[in-house]
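Input sequences plus hints: build the corresponding full structure.
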Amino acid sequence: MTTESEVSRVVDARTYAEVLQFYSRHFQLLDEGQAEQWARQFTEDGEFGQNVKPEPRRGRAAIAASMRRGIDRLAGTGVTRRHWFGNVIAEPDGDGAVRTRYYATVFETPAGGGPARVYLSTTAEDRLERQNGEWLVRRRHIVHDGT
Amino acid sequence: MTTESEVSRVVDARTYAEVLQFYSRHFQLLDEGQAEQWARQFTEDGEFGQNVKPEPRRGRAAIAASMRRGIDRLAGTGVTRRHWFGNVIAEPDGDGAVRTRYYATVFETPAGGGPARVYLSTTAEDRLERQNGEWLVRRRHIVHDGT
Amino acid sequence: MTTESEVSRVVDARTYAEVLQFYSRHFQLLDEGQAEQWARQFTEDGEFGQNVKPEPRRGRAAIAASMRRGIDRLAGTGVTRRHWFGNVIAEPDGDGAVRTRYYATVFETPAGGGPARVYLSTTAEDRLERQNGEWLVRRRHIVHDGT
Numbered sequence: 001m002t003t004e005s006e007v008s009r010v011v012d013a014r015t016y017a018e019v020l021q022f023y024s025r026h027f028q029l030l031d032e033g034q035a036e037q038w039a040r041q042f043t044e045d046g047e048f049g050q051n052v053k054p055e056p057r058r059g060r061a062a063i064a065a066s067m068r069r070g071i072d073r074l075a076g077t078g079v080t081r082r083h084w085f086g087n088v089i090a091e092p093d094g095d096g097a098v099r100t101r102y103y104a105t106v107f108e109t110p111a112g113g114g115p116a117r118v119y120l121s122t123t124a125e126d127r128l129e130r131q132n133g134e135w136l137v138r139r140r141h142i143v144h145d146g147t
Numbered sequence: 001m002t003t004e005s006e007v008s009r010v011v012d013a014r015t016y017a018e019v020l021q022f023y024s025r026h027f028q029l030l031d032e033g034q035a036e037q038w039a040r041q042f043t044e045d046g047e048f049g050q051n052v053k054p055e056p057r058r059g060r061a062a063i064a065a066s067m068r069r070g071i072d073r074l075a076g077t078g079v080t081r082r083h084w085f086g087n088v089i090a091e092p093d094g095d096g097a098v099r100t101r102y103y104a105t106v107f108e109t110p111a112g113g114g115p116a117r118v119y120l121s122t123t124a125e126d127r128l129e130r131q132n133g134e135w136l137v138r139r140r141h142i143v144h145d146g147t
Numbered sequence: 001m002t003t004e005s006e007v008s009r010v011v012d013a014r015t016y017a018e019v020l021q022f023y024s025r026h027f028q029l030l031d032e033g034q035a036e037q038w039a040r041q042f043t044e045d046g047e048f049g050q051n052v053k054p055e056p057r058r059g060r061a062a063i064a065a066s067m068r069r070g071i072d073r074l075a076g077t078g079v080t081r082r083h084w085f086g087n088v089i090a091e092p093d094g095d096g097a098v099r100t101r102y103y104a105t106v107f108e109t110p111a112g113g114g115p116a117r118v119y120l121s122t123t124a125e126d127r128l129e130r131q132n133g134e135w136l137v138r139r140r141h142i143v144h145d146g147t
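Protein chains in written order, with the UniProt record's numbering: chain A, 1 to 147; chain B, 1 to 147; chain C, 1 to 147.
What the hints contain is simulated information worked out from the structure, not anything from laboratory work.
The structure displayed is predicted, hence computed values, not measured ones.
Treat the hints with care, since some could be wrong.
Identical copies look the same in the list; a pair holds intra-copy or inter-copy alike.
[To be verified] Only pairs whose alpha carbons sit at most 20 Å apart, straight line, appear in this in silico SDA-like list of lysine to any residue:
(1) Lys-53 x Gly-112
(2) Lys-53 x Val-19
(3) Lys-53 x Thr-77
(4) Lys-53 x Gly-113
(5) Lys-53 x Pro-115
(6) Lys-53 x Gly-76
Laid out in structure tokens, this is it:
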């Protein structure tokens, strides 16, 4: 339940612009198949969980390896995926960290081009932390709509 | 007709970040089925109109009640809806208010998950006003594409 | 290949807000069929290229004329198109210019309304320059997914 006081807890404009730019780069790296660069945007001890998987991936190396397998499988199909993020709520989460809740929707275009389909609609919740001037994901949890 | 001088009338970065965060929270509340919390983001005398309805809803209570009925109907179907907002133009509208024009598109995922469909594409125009440090919708008008 | 130092090169919050507002207006003008107003957001010597066309359009007048033809053809079908932009990366590009890379996805609603389809998913890369206090597109290149 969101209370009225919670409604006011928003990050400042500078942080919000940084967060949007962080996600823009993050999801573009993913869609370019740069699993390792993408995983570098998690902390070394980062966690990546999904409600449709029994356990979260723990640690940047495991997160990278898992995503690399997914990307390589997809490459064999010729399909292009685009992960859009949107509706980003960002709140202070202690120690300079930020907690976000946002929508992430994946569009798929078949080899050869033409109309796309909406492959998946999800919501996501992250804890972002700053390290050496960069935002990194400490913890992410994805929930697939309808599941 | 947009003139060249109108092109320059944009709100500052701080207001723009506030507006984006306002809508993020607003549409997430809606999709979580929090009709009453969502309606609290209208002014007490707020108006909500759609081109496909004969009359706008007038007043926060009527807006909440109407949305509550819609959400309860939807809950019976097991479908998950996600209201994405985007392409947000925000201009000063006098007395510290902001006039926005944006796109709002609704994705639907069936019970059980899987690919989504684009249930509806709309454009929206709001007048936002500040009260006690919070942005609130004074007036909203939605136009459904193709109608 | 994106290096770690490149990850840090982001524009400031004010520029980012301006860029988002620029694109919001730009794509709304397009979808309203305002080809000439839309083309005024290119520099006089602007270029507009797509990977599915042999040559870029060169110059604001040629860009406007080409888009006018496209819009007039579309008007005959009764279809409403909405160009969404998202996932906007913006980096300083020398001389006060900004280089952006973003996603642009087009939704289509048939005459009469109802569910939309995802007509096209693309990525875009622009060089934006300031002239007389306005952002303008100096060069745009669009790549259609799957082609």
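Lys-53 and Gly-76: within-copy, between-copy, both or neither at 20 Å Cα: Neither, since 23 Å and 27 Å both go past 20 Å.
Intra/inter-copy verdict for Lys-53 and Val-19 if alpha-carbon distance must be at most 20 Å: neither (26 Å within a copy, 35 Å between copies)
Lys-53 and Gly-112: within-copy, between-copy, both or neither at 20 Å Cα: The answer is between: 15 Å across copies meets 20 Å, while 32 Å in one copy does not.
Lys-53 and Thr-77: within-copy, between-copy, both or neither at 20 Å Cα: For Lys-53 and Thr-77, neither the intra-copy (23 Å) nor the inter-copy (25 Å) Cα distance is at most 20 Å.
Homomeric proximity label, Lys-53 with Pro-115: Cα distance no greater than 20 Å: Cα proximity of Lys-53 and Pro-115: across copies only (18 Å, versus 30 Å in one copy).
Intra- versus inter-subunit Cα pairing at 20 Å for Lys-53 with Gly-113: between (31 Å within a copy, 14 Å between copies)
Going through the hint list in order, the structure does not satisfy hints 2, 3, 6.
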